[in-house]
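Chain residues, written in single-letter form:
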Amino acid sequence: MRFVLRRVGFFVLTLWVALTLNFLLPRMMPGNPALAIIGRFKGGISPQAVKVLQDQFGVGTRQNPVAQYLAYLRNVATFNFGPSLTTMPGEPVSQVVLHALPWTLGLVGVTTILAFALGTGIGIVGAWRRGGLLDSLMPPVFVILSVVPYFWLGLVLILIFGVKLHLLPYFFSYDYTLTPSLSPAFIGNVLEHAILPGFTLLITTIGTWILTMRNNMITTLAEDYVRMARAKGLPGHRVMLDYAARNAILPNLTGFAMSLGFVLGGAILIEEVFNYQGVGWLLLQAVNNEDYPLMQALFLLITVAVLVAILVADVATAMLDPRTRGAR
Amino acid sequence: MDAPLLPDAAPVPASVPGPAPAPGGGITGARALRRMGRAITANRKATAGTALLALFCLVAAFPQVIARDNPNAEIYPRLLGISARHLLGTTALGQDMWAQVVWGTRPVLLIAFGVGLGATGVAVLIGVAAAYLGGAWDSVLNVITDVLLVIPLFPLLIVIGSYLHGAGTGVMIAVITLTGWSYTARQLRAQALSLRGRDFLEAARVRGERGLYVIAVEIIPTMTSLIVASFLTNALYAVLFSSGLQFIGLGDPSVVSWGTMLYWAENNEAFQVAPLWIIAPGLCIVALGAAFALINYAFDEIGNPALRPLLRRAGRPASRRIAGTARRADAQPAS
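The listed protein sequences correspond, in order, to chains X and E. Numbering of the first sequence is given in the working numbering, commencing with residue 1 and proceeding in unit increments. Numbering of the second sequence is given in the working numbering, commencing with residue 329 and proceeding in unit increments.
One or more of the hints may lead you astray.
Unchecked claim - Below, simulated SDA-like cross-link-like pairs (lysine to any residue); rule was C-alpha separation at most 20 Å, straight line:
#1 164(X) <-> 409(E)
#2 164(X) <-> 604(E)
#3 164(X) <-> 275(X)
#4 51(X) <-> 13(X)
#5 51(X) <-> 15(X)
#6 164(X) <-> 375(E)
#7 51(X) <-> 68(X)
#8 164(X) <-> 403(E)
#9 164(X) <-> 606(E)
#10 164(X) <-> 407(E)
#11 51(X) <-> 37(X)
#12 164(X) <-> 595(E)
#13 164(X) <-> 599(E)
#14 164(X) <-> 615(E)
#15 51(X) <-> 12(X)
#16 164(X) <-> 596(E)
#17 164(X) <-> 600(E)
#18 51(X) <-> 65(X)
#19 51(X) <-> 11(X)
#20 51(X) <-> 94(X)
#21 164(X) <-> 603(E)
#22 51(X) <-> 88(X)
#23 164(X) <-> 594(E)
Said to hold, decoys possible - Ranges between beta-carbon positions, derived for each pair:
#24 185(X) <-> 445(E): 55 to 61 Å
#25 238(X) <-> 525(E): 38 to 44 Å
#26 70(X) <-> 403(E): 54 to 60 Å
#27 78(X) <-> 600(E): 33 to 39 Å
#28 74(X) <-> 533(E): 47 to 53 Å
#29 106(X) <-> 615(E): 40 to 46 Å
#30 89(X) <-> 382(E): 49 to 55 Å
#31 466(E) <-> 78(X): 53 to 59 Å
#32 37(X) <-> 403(E): 45 to 51 Å
#33 94(X) <-> 494(E): 37 to 43 Å
#34 238(X) <-> 600(E): 52 to 58 Å
#35 600(E) <-> 199(X): 19 to 25 Å
#36 199(X) <-> 533(E): 55 to 61 Å
The set of hints was computed from the structure by calculation and includes no laboratory data. Heads up, the beta-carbon is just placed ideally off N, CA and C, and yes, glycines get one too.
Please put together the full structure from these sequences, using the hints given.
See below:
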């Protein structure tokens, strides 16, 4: 229990740091870049919205920074991020974000889970058949694959499968002559549009899981209890899965949560390359349009997603592995 | 406040074989470097990585030797194909693509080495100080490290970049250094912690050496190989992060580099008209990244023999090893 409380404490602290960074960054930059752009939009925005922007960026207000900071924290706590300035002029930022969220959850969520499951499986088998074909091919291939920039791989796949072969669609998340509905035709269209971005994400992330799992397995396979299991004459697959893999997977679980930050970061660029209208694409739209309120909200959303994942993974690891509970 | 349970909360790879009891710490450092030199020639992955990196360094140092054209000049007919005059053809803006790729090497390598050295410096400072000072200092530095570690780095860089409007090479180095040191600081701290209480450190304390001397002469030389690994990791990440930022237009678009080339390519319909404009700079990023990753991976194998490819017998690793958790180099950052 104390362990969980400590983790929650860390969660709150990190969240606070992220919030404060969000508040301080525009103020630290030369000439407060947010100021100019927001100043231009004042006319078309309701007075309440102007107040939110004032607290967030310190624009056109005489209030002292501490009061601004407190008001900003209060606004964030109530999901009041003000209006979007340029991307969807006048719409509340929280609404705009909510429209983009399902696309990212679908694309990145499914792909990440798939990559984790597949990668861990391949890693287990590779380490078990040490010295086999899989094992000797894997490391060099995935060392190279892990340095391929997500976005560049996306560009190359578009070039091959989209532009040259005309096999797969590579623009937007569905054919926008269709009206969104729950019909099989539309769902099929959405899935078709998800193939290229999903595949890009899958092959750039899977290497991590394969390599970490393989290395964990190799370490675990040298443990005495694995030797004991072999000595007892248990069938190979039981030793591999129930004795070695079960223990080797524990560090990977936290790695899974930690990697979410990277995956979301990479997904930003993949969504941009494929014009897939998820959270990452929206973030870059906001950046290009200097829509600072929207940008800040999206940064917070991504940070919170990562922090929650880490918290869940920590608690899960503590439940699965008693040794970690006492750790410091 | 304590650390999140990261994969590397387990003992760090035993990159430094055995204790280093030499009183003259400088000797250990030199020996470690010599050992590294031998390792590079002995390990195929390390040899390939080092050769590739050396090649890029040469190109960055003397680009005018192999590319006479001015990379910025928009003076040629547009979208020429490959020819002897234009080795990679020309862009939709009328620039010589070969000159762009060659001259683009320099800013990328500057960022790689700048961030590699800078971030590793900060990481050594904070990681070793935390481990050596202990107590409240350790807790505070540790919390700072952990908080920075879990805040998603690439989105943070995008936010900072959007306020900066066109970050040049220097600004890019500074920003990535300041935000990106935490991962390696954690590893270095774990390694330094494992040294605590070793006899050679006690001996230095009994001799009455000052703290700074102990850190600089006794502790840091024993960590040489981990520091080199940390440099490689940070350099690799700098290449990938900065290319990503330049690709989305957050770099200085007038600087010729691989990331900005991709930015201009995407904005000029290169898919249809000049596929090489996309392929060439991307392959360069992959090759440079692979150079860093190969050297790093080879170091992992050298430090943790259990991970080496088996030569003769397929089966279990022969002996028990300390957990060699994979470095972040295996994980792909956002780019």
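* **Unsatisfied constraints (hint numbers, rising)** => 4, 5, 6, 8, 14, 15, 19, 27, 29, 31, 32 and 33
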